[in-house]
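S.K.: Note that the protein sequences, when read in sequence, are chains A, B, C and D.
Taking the numbering used here, the leading residue of the first sequence gets 227, the next gets one more, and so forth.
Taking the numbering used here, the leading residue of the second sequence gets 227, the next gets one more, and so forth.
Taking the numbering used here, the leading residue of the third sequence gets 227, the next gets one more, and so forth.
Taking the numbering used here, the leading residue of the fourth sequence gets 227, the next gets one more, and so forth.
These are computed hints drawn from the structure, not numbers from a lab.
Watch out, some of these pointers could steer you wrong.
The list makes no distinction among identical chains, and a pair is therefore deemed to hold if it is satisfied within one copy or across any two copies.
Quick list of in silico lysine-lysine cross-link-like pairs, BS3-like style, CA-CA up to 27 angstroms [claimed, not checked]:
(1) Lys-308 <-> Lys-320
(2) Lys-232 <-> Lys-310
(3) Lys-232 <-> Lys-308
Number of protein chains: 4
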Amino acid sequence: MLDNQKLATLLRNFAADRDWDQFHTPKNLATSISVEAGELLELFQWSRGQKDWNEISDPSIRLRIEDELADILLYVIRFADKAKIDLQAVCERKIAANAAKYPVENFRGSDRKYNE
Amino acid sequence: MLDNQKLATLLRNFAADRDWDQFHTPKNLATSISVEAGELLELFQWSRGQKDWNEISDPSIRLRIEDELADILLYVIRFADKAKIDLQAVCERKIAANAAKYPVENFRGSDRKYNE
Amino acid sequence: MLDNQKLATLLRNFAADRDWDQFHTPKNLATSISVEAGELLELFQWSRGQKDWNEISDPSIRLRIEDELADILLYVIRFADKAKIDLQAVCERKIAANAAKYPVENFRGSDRKYNE
Amino acid sequence: MLDNQKLATLLRNFAADRDWDQFHTPKNLATSISVEAGELLELFQWSRGQKDWNEISDPSIRLRIEDELADILLYVIRFADKAKIDLQAVCERKIAANAAKYPVENFRGSDRKYNE
Numbered sequence: 227m228l229d230n231q232k233l234a235t236l237l238r239n240f241a242a243d244r245d246w247d248q249f250h251t252p253k254n255l256a257t258s259i260s261v262e263a264g265e266l267l268e269l270f271q272w273s274r275g276q277k278d279w280n281e282i283s284d285p286s287i288r289l290r291i292e293d294e295l296a297d298i299l300l301y302v303i304r305f306a307d308k309a310k311i312d313l314q315a316v317c318e319r320k321i322a323a324n325a326a327k328y329p330v331e332n333f334r335g336s337d338r339k340y341n342e
Numbered sequence: 227m228l229d230n231q232k233l234a235t236l237l238r239n240f241a242a243d244r245d246w247d248q249f250h251t252p253k254n255l256a257t258s259i260s261v262e263a264g265e266l267l268e269l270f271q272w273s274r275g276q277k278d279w280n281e282i283s284d285p286s287i288r289l290r291i292e293d294e295l296a297d298i299l300l301y302v303i304r305f306a307d308k309a310k311i312d313l314q315a316v317c318e319r320k321i322a323a324n325a326a327k328y329p330v331e332n333f334r335g336s337d338r339k340y341n342e
Numbered sequence: 227m228l229d230n231q232k233l234a235t236l237l238r239n240f241a242a243d244r245d246w247d248q249f250h251t252p253k254n255l256a257t258s259i260s261v262e263a264g265e266l267l268e269l270f271q272w273s274r275g276q277k278d279w280n281e282i283s284d285p286s287i288r289l290r291i292e293d294e295l296a297d298i299l300l301y302v303i304r305f306a307d308k309a310k311i312d313l314q315a316v317c318e319r320k321i322a323a324n325a326a327k328y329p330v331e332n333f334r335g336s337d338r339k340y341n342e
Numbered sequence: 227m228l229d230n231q232k233l234a235t236l237l238r239n240f241a242a243d244r245d246w247d248q249f250h251t252p253k254n255l256a257t258s259i260s261v262e263a264g265e266l267l268e269l270f271q272w273s274r275g276q277k278d279w280n281e282i283s284d285p286s287i288r289l290r291i292e293d294e295l296a297d298i299l300l301y302v303i304r305f306a307d308k309a310k311i312d313l314q315a316v317c318e319r320k321i322a323a324n325a326a327k328y329p330v331e332n333f334r335g336s337d338r339k340y341n342e
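With the rest of the complex left out, here is chain A (with noise of 0.2 angstroms):
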């Protein structure tokens, strides 16, 4: 399980501590989750994880995984916080709407969807 609740508070106090909050508008959220989604695909510039996920097993390039993961991550929960959007509830309802929009009988083993 994912404690979102309680990262949220530890986020929400952070930047209550450090009067923060101010910065914290939807727009810069949502360009603060572009920044380190950036970070992150800067790991995968070249030729590194083209294959499988043998490639990423190096505890130092995995180390780096991480902490750009997080970064992404607390900025979608600190996002969601602040709009007071349930993240559970909003991503079932995209699974599913991607199973009707991706039926197996018509895309199985694809990449249809993916390119087209």
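For this one, chain A is given, so just place chains B, C and D on it according to the hints.
M.R.: Quick look at chains B, C and D alone, frame taken from chain A:
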């Protein structure tokens, strides 16, 4: 609580049913997070969301924000599931590291961190 | 005038000298453009640059902006060179398409385009 | 040659005609570059373009790539025009800096630069 194991299982089945696991390399999932982060950011490309959270209370824009946020989170969960990353642990570690990096006494009320 | 042929040749030689052409696939260059765009965006993650252009007149921030903008443009030029795309022609075509899409009489003074 | 002055003038008139100059702050244009970079990246989200340049020779995908590349370049030109940045000069400076940073004898044939 966010039941990320449940969501990870749903995503695993979703990919297995369509034989899409082959496309879920580290690089492709990092790319997908970035693409979805760009779609969230697009909603704030111009004047929306610069000031406060009431600006996104309109149901139609709220729905789109929820959908984009879900897309990002689902790819983060999928990545962590494939890489066997404990998201709760790495998030708590990252918050502790940030607290050490930005001591309250030096950064209170300042976006110096932010802009330097 | 921007001598993009000169820049493309410099980049071609740069890659050839280091045998890096092998890494310059369409996907990797598109990834690189996105990574560099994220680095430019990071400079505006919080309060900087929300209002006007005087905010970026400080020489140190200006230098960083110039460097990130150059990184983006160089990867765009490299991509176009590899794909044999005529940048001038596609830019003029795109401006004409935008003019048709956003008629002056319907969009004057409004960020409706932007936010809808 | 890329007539970036001509394109900058077209963009300036385009914005003036619609009274959109007010939206063209440094932060918003940096955001726009990132959003458009994400749209280009989306075309390479899965298997497309991992290997070579023939993969993008199909006219329909080529057209979409050209459009996204144009969107990115136009925002780069608009940003440089507003900030009075000499793109040719900063690009040549950046290539020279990269040549010093990655000496041929140390980096030939290696994506060490890339992955470290």
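S.K.: With identical chains treated as interchangeable, where does the CA-CA distance between Lys-232 and Lys-308 reach 27 angstroms or less: within a copy, between copies, both, or neither?
M.R.: both (14 angstroms within a copy, 24 angstroms between copies)
S.K.: How would you label the pair Lys-308, Lys-320 (within, between, both, or neither) given a Cα cut-off of 27 angstroms?
M.R.: both (21 angstroms within a copy, 20 angstroms between copies)
S.K.: With identical chains, the pair Lys-232 and Lys-310 could be close in the same copy or across copies; at 27 angstroms between alpha carbons, which is it: within, between, both, or neither?
M.R.: both (15 angstroms within a copy, 22 angstroms between copies)
No hint from the list above goes unmet by this structure.
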